[in-house]
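Modelling step: build the complete structure from the supplied sequences, incorporating the hints.
The chain contents come next:
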Amino acid sequence: MSRAANELNRAEDQNNSGGGDSSRSPLIPGIDLPVQNTNSKILLLYGPSGVGKTLYCRQFLREGLIKGHRCVFVSTALSKMQFNALFSNIDSRKPVDPIEFINPRDDAAAPLSRHNYKVISGKKLVTAILSNIIRSLETTVGNDTKAAPSTRDSIDGNISNKAVRLVVDSLTHMLLLLRERTLMQFVMDLTDVLKKFNATAILSLTTSSMDQSLVTNLGSVVDGVIEMRLKEDSYGLAIRSIRVRHIKGAYYDPRWLTFRISTNGNIIFSNGHSSLAGGQAGLTCTLCAKPIIGAPLVRSDFVFDSKECMEIYQRLENAYGSKISDTGLPSEAFDASFFFIDMVGLSDPTLSVKNQVHKIEILNELIHSCDAFRKVSTGKKVILPAGDGMAIGFLSKPEIPLELSIQLHRKLRAYNEEKSLAEEIGVRIGLASGPVFTVADLNNVQNIWGPGIILARRVMDAGDKGHILVAESLAQVLLSLKDEYRQIIRLISDKYKIKHGQQIKLYTAYSDDFGNPQIPAKVFINR
Amino acid sequence: MSQCIAFHSYKGGTGKTTIACNLAAMLAFKGYNVSLLDLDVYAPSLHSYFDCNPDKWINDLLFENSELREIMVDMTPALTQYTAEGSNKKLGRLLVGFSNPQKEEIYKLEGTIKTANANIQLLRRFVQLREDLISDYDSDYVILDTSPGIRYWSINSLAVADVLFLTLKYGDLDIEGTIKMAKDIYGSFTKFGSKSFLLLNRVAGYCVPRAYALGSQPEKSNNNPHHNNIVQVPEEGPIELAVIRDELGSDTFLSDQTRMEMISSIPCYCDIQFKKKEFLTVLQHPDHPFAKQLEHLAMTEQIKV
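The listed protein sequences correspond, in order, to chains D and F. This note's numbering puts the first residue of the first sequence at 1207, with every later residue one more than the last. This note's numbering puts the first residue of the second sequence at 7, with every later residue one more than the last.
Warning: the hint list may mix true and false statements.
Stated by the list, open to error - List of simulated lysine to aspartate or glutamate pairs, EDC-like, C-alpha gap at most 16 Å: (1) Lys-1437(D) <-> Glu-73(F); (2) Lys-201(F) <-> Glu-1514(D); (3) Lys-1586(D) <-> Glu-1514(D); (4) Lys-1496(D) <-> Glu-1514(D); (5) Lys-1496(D) <-> Asp-138(F).
These are calculated hints, taken from the structure and not from any lab test.
Okay, structure coming up:
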């Protein structure tokens, strides 16, 4: 299975289990900024039947619940029962408030009979929906202003309050009950109402290729338009994708982003960089941004997936000169230090897959629980998955990788104490530093790459179970930084040969409760 | 193996499009799979040349509004009429991707490149376009008809090509500019694996009397516009590599100045140039010196796949 596929599955697993970073909105290119950084945006979401509009709306509200937003779902098609079923299996981790359901045509409390069956359509329906929405939102404002009365802004007439997320799913069904002109008026009125309530809303519309004029008309009323499409690949499998068609007054990216729908109805974005994957970054080619499978080609401190990409990049670099950034490609380097970890014996065929997965999960948990890892902000660290382990690049203090290694070793010792040999987790760690470059991937997620990562890998490869090995550049910095490091960092080889015949100085870090005092076997043989 | 060939020039009007289209057709006629792309994005003309108004353009692909299969138009049927009746000649395939001539689309492409994030996405899709034509469409040749001069999309087109043809019209003012551009830009590409060649177009020797063209030391005549541009033209067969004799002082002046080999000299073809519409002359008039010379070019080792 490819790395991208692995990441996608991991994203889904985390999403399903609620263990991912679900506090982030789905990364539709260009939508985050306008939706999150402005007071109110009314968006039209359109696409063919079955593409996943309702589930996207569901996810939009689910994210809203997690963020503590007031959430309202308006539908003229769903009954309360159907609505409950739609939202029954969302994993919203203790929603602060239930989602309010509005459908003036559905009265769940009354028993269904031909006497009380509501036939509301036309302007009455519009009035009923708008009244219900206003009532619901005013109730929210009223409740909140009791706690914080100053939040009401009387100058511009806007009510700045608890954020509101509202979904109308769908306008298509309303079109069966309204004339197009009335629908347009409804959308205009709704837009006016929602803007007073700090609301972000999605209005869904099922379209065919014949409905472009409706999309255009509605698009001129709302603040932005999101498009979904459904295609089939050569095997007849559905390929769903989404993009922002336009957003008023904000930068947006018109790229299509493919997604799929998990068995529990969650939207999973592809390309290995789902927001739900916890922001982990894979290694991608500097030029084409494809995930690099196998060993990358490194040139001028950049990484490529093929000789062709490398040559094209070099030609561009040479042609554009110092203005290479005109192409949008990276041009500036900064220093980072790396922690490269590998689980020893993980690929032992006698270990069950379940056991292997369990060990990986435990190791991830232990790393995440280390203070050295936690105290570095998300923007200052990048995690690069790498087979049986991972590389973590830190753009902060150089001692962080060593501190993390020491803390992790102590935690592992405690963990292993009561475990059988098969359950024990053994690791080897390589630390190095060097220049890195930011590389934007297809989702505009900033990755980093540089020769320090490769060096950390080579250093780690020299070690056995329990070793914390350090490359010269980082070791020298650490030795000059604190006296205590002089007691724990020791030179073990001044001419250790790594790949391509390169010779490096190799240091090891150990004490009573971390590291391995033994000379690594490879270093011993290499002497 | 495949070859990506870019036709470029310092100025417009050097005949890039005509040569690119004819070479593409010639190669497809010989059985190769050829993809031809109009990358003269600022002044597209391939749609006029092929009289085609596609639903989707290269611009749509770059902005992710379409798939590759939607933008590549199969022009192979245009070739089949030139096969001899009853012939079992196996043609290759000629796919053409067109650039949108609408000014809004050109502004959009130009405007988008000013935004770094969008810029890199366009560049990546462009790189991917070339790769997909080779890997998914089994193209033996990808031929790029680029914008003249030093512009964003011409530089990008040259960067992705394996072979660069710097086209120039002899006896024109573009020689100086061409030499400067070759020095400034082409070195960047050849340093990293590209092969670049000069391609001289509209060289005297066909539309002027053959005897005159063949004259070893013709007298200068102010009445003859071609008096300084003489090509060695054999009695029969294709015209060999041009040897220019002129007041510039050296037979190899251009090659020396640009440090590029002159791969071919395309003879002046006023008879077809002034036709209302030139269209695949190499197939319509295979015995024309222009066609012969292009056939010779198509078979040169330097672009062989």
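Results for each hint:
no. : hint                        : result
1   : Lys-1437(D) <-> Glu-73(F)   : 11 Å, holds
2   : Lys-201(F) <-> Glu-1514(D)  : 14 Å, holds
3   : Lys-1586(D) <-> Glu-1514(D) : 32 Å, violated
4   : Lys-1496(D) <-> Glu-1514(D) : 13 Å, holds
5   : Lys-1496(D) <-> Asp-138(F)  : 13 Å, holds
In this structure, the one hint that does not hold is number 3.
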